[in-house]
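Trainee: So you can see what is in the structure, the chains are spelled out below.
Number of protein chains: 2
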Amino acid sequence: MLEERWSLGKFLCVGLDSDFEKIPDARVGGVIETLYRFNRKIIDETHDIVCAYKPNAAFFEGCGSGGLQALRDIVTYIHKVAPNVPVIFDAKRGDIGNTNEGYMTYAFGYLGMDAITVNPYMGGEALKPFLDRKDVGIFVLCRTSNPGAGEFQDIDVAPLTEEPLPLYQYIAQRVAKHWNTGGNCCLVVGATRPDELREVRAIVGDMPILIPGIGAQGGDLDKTVMAGKDSRGRGMIINSSRGIIFAKDPRGEAEKLDASIRACLSPVSS
Amino acid sequence: MLEERWSLGKFLCVGLDSDFEKIPDARVGGVIETLYRFNRKIIDETHDIVCAYKPNAAFFEGCGSGGLQALRDIVTYIHKVAPNVPVIFDAKRGDIGNTNEGYMTYAFGYLGMDAITVNPYMGGEALKPFLDRKDVGIFVLCRTSNPGAGEFQDIDVAPLTEEPLPLYQYIAQRVAKHWNTGGNCCLVVGATRPDELREVRAIVGDMPILIPGIGAQGGDLDKTVMAGKDSRGRGMIINSSRGIIFAKDPRGEAEKLDASIRACLSPVSS
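Residue numbers (this note's numbering), protein chains in the order written: chain D, -18 to 251; chain F, -18 to 251.
For the record, the hints were derived by calculation from the structure and aren't laboratory data. Since the model is a prediction, treat every value here as computed from it, not as a measurement. A portion of the hints provided could be inaccurate.
For identical chains, the list gives no copy identity; a pair is met inside one copy or between any two copies.
As the list claims (entries may be wrong) - Taking lysine-lysine pairs in the DSSO-like style, the calculated list, with each CA pair at most 27 Å apart, reads: (1) Lys237 to Lys158; (2) Lys109 to Lys22; (3) Lys61 to Lys204; (4) Lys229 to Lys115; (5) Lys158 to Lys115; (6) Lys109 to Lys237; (7) Lys115 to Lys3; (8) Lys109 to Lys3; (9) Lys237 to Lys22.
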């Protein structure tokens, strides 16, 4: 699905971070109706532009069982109006082996997601049920976009690798060389430090990389695209959430960002 | 709440890993009723023995919005029949700062949990909303009990610390020395390697440690208790899930494990 979107020149992912308190007129309807209506409008306005959608679990789970029902309805709606646009569940999950089955039933069965983000800390053995599920995308957190991401992710794992290497790059190596037996692995690398994105791209070849941190979090788009594109000028899913969904004109903002990404990828710029 | 349970000699945590497929007669009632009835029976039989309950998010989320409603009802029931027994939400969450607010509303607001497990990979800065919430317990994953836990957790972070030190011990140091400003931090350390538990205990002083991996996962109880107890012979929450909840006689199994823990802590044994 991603390859098809990329072949159409689409790299923009809209993050459906539907913070209930920030939704205009949120208090008028009930939780399910409010979340559903808000997201349907965003989807109607952007589905012909985007490469993917990425709802973040926290904003829906924060609304309890109604939030889950709304999220399920929203994913169903995306599949109806834009069947070729994958939906990535940004849930950052991960538990020991058999327990992950519950999260997979939740994400891929109940909610109907096409992909999920997972946390690598427990290792590839723990995540095996995800890695074995070849019909979905597994996005492993590699370098996150938060200011304090380096506390553990930048630790030098030199004793293991002979050469100095930060943990997040070692994780990228492990995913590319050992975890990706099912061919369904992808990575999450924040846009906040393009040099780090370039290092990861060099390690993982043409593996898809989800890149949050553009816009509200301050990532530089041109540097990000130059660092993040694969050997074919593809391989990127560039996410913007608040900058689009809470804008006065979500379609206008999405079009602007989409045009900027294309400009970065045009022969003159690259 | 934990101190009070420990003062009563209670260290056993029952893991409510309510795998829907394994519940006897699961198909007779609906999801909510089945999950609720199964767990209510476990709670009725064990609440006077336990130190805490630990429902794992995956098994309830795997049942969709009905699973969430059942979990909420179960937590309400625990608070009613055993108001002094804390409920730890084993959800292994963690996202960037403001996004964690959604998970906190979910865990502490909607579901009524007293504590949550979190994943340290994104760093203490990302988890600040959890660490600032002083009225709840925050259990940081340190050394997990799965066979492949060492892939990253055992990495030697020597360049950072002058002396060889595995990542999981460095995380224990960071939590004890830097993250625990609100006094609400606890750790998760598996029972599968008692030596590692002893090392972590030496680093974190009397900080509460949740210890999974007894029973089905093969941890040795006597060695675990000797390694895990704090300077006062307390500080442990020893979890058993499948070994109790799917036993023919859950109360009998819980009593047996409770007695074994006490025996390990008795003057003769220690």
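Trainee: What hints, given by number in increasing order, does this structure fail?
Mentor: When the structure is compared with the hints, numbers 1, 2, 3, 4, 6 turn out to be violated.
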